[in-house]
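Colleague: Below are the chains, spelled out letter by letter.
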Amino acid sequence: AQSVTQPDIHITVSEGASLELRCNYSYGATPYLFWYVQSPGQGLQLLLKYFSGDTLVQGIKGFEAEFKRSQSSFNLRKPSVHWSDAAEYFCAVGARDSSYKLIFGSGTRLLVRP
Amino acid sequence: NAGVTQTPKFRVLKTGQSMTLLCAQDMNHEYMYWYRQDPGMGLRLIHYSVGEGTTAKGEVPDGYNVSRLKKQNFLLGLESAAPSQTSVYFCASSYNPSTGGLDYGYTFGSGTRLTVV
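Chains as they are written, first to last, in this note's numbering: chain G, 641 to 754; chain U, 1363 to 1479.
FYI, nobody ran anything at the bench for these hints, they're computed from the structure. Since the model is a prediction, treat every value here as computed from it, not as a measurement. Note that the Cβ used here is the ideal one computed from N, Cα and C, for glycine as well.
Per label pair, the in silico range of CB-to-CB distance:
id: 1; chain 1: G; residue 1: I649; chain 2: U; residue 2: L1431; range: 35 to 41 Å
id: 2; chain 1: U; residue 1: N1390; chain 2: G; residue 2: R736; range: 19 to 25 Å
id: 3; chain 1: G; residue 1: G702; chain 2: U; residue 2: A1444; range: 38 to 44 Å
id: 4; chain 1: U; residue 1: T1369; chain 2: G; residue 2: T670; range: 34 to 40 Å
id: 5; chain 1: G; residue 1: I649; chain 2: U; residue 2: N1390; range: 35 to 41 Å
Build the full structure now, drawing on both the sequences and the hints.
Modeller: Rendered as structure tokens:
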């Protein structure tokens, strides 16, 4: 069964600083990997996804993530954080079976210092 | 606007009461999912459906039932609510067969905040 670990519960960065959110997954085959963002009181919005091919994927809002098979990781990065990026971020792995269900990590809450 | 609509948005139940949460989508999606979100635990899959008339258990199905009688609707039922079911519930849908391959393009509803006292 697939699983996802996000080791950081909270991260605080200053506006303009770079950001990296960590995600480690467990899956028996090449996974489908995703990052979602959730603003307070809102549903989830897809930032980016990895299915195959180039291991560095670009997403919306200036985010990117890199798939590293050897480390079972899919870390999310942004070179310069804006105050509006403050939100909760979820990494997820998708099942390569007929259910196409997503299993989510526990999330990382990003706080941005002015 | 096209999307996933959840009703109600808020609800307070007493222990032992029953209720049904409704999820409706107008995107012709085949797959629908119910998740619950609890602090520090992310989203956990309760039940899901891969088409009209089908349902399957997810990670945390106990205490919940679901039905998918119409393609556009996915109902989540609590027969006898317990305080442990206090949570925010999210519905999601994906995969329109007429638009081609599956890309996990989940569309989420805005959530239902349920409190059981």
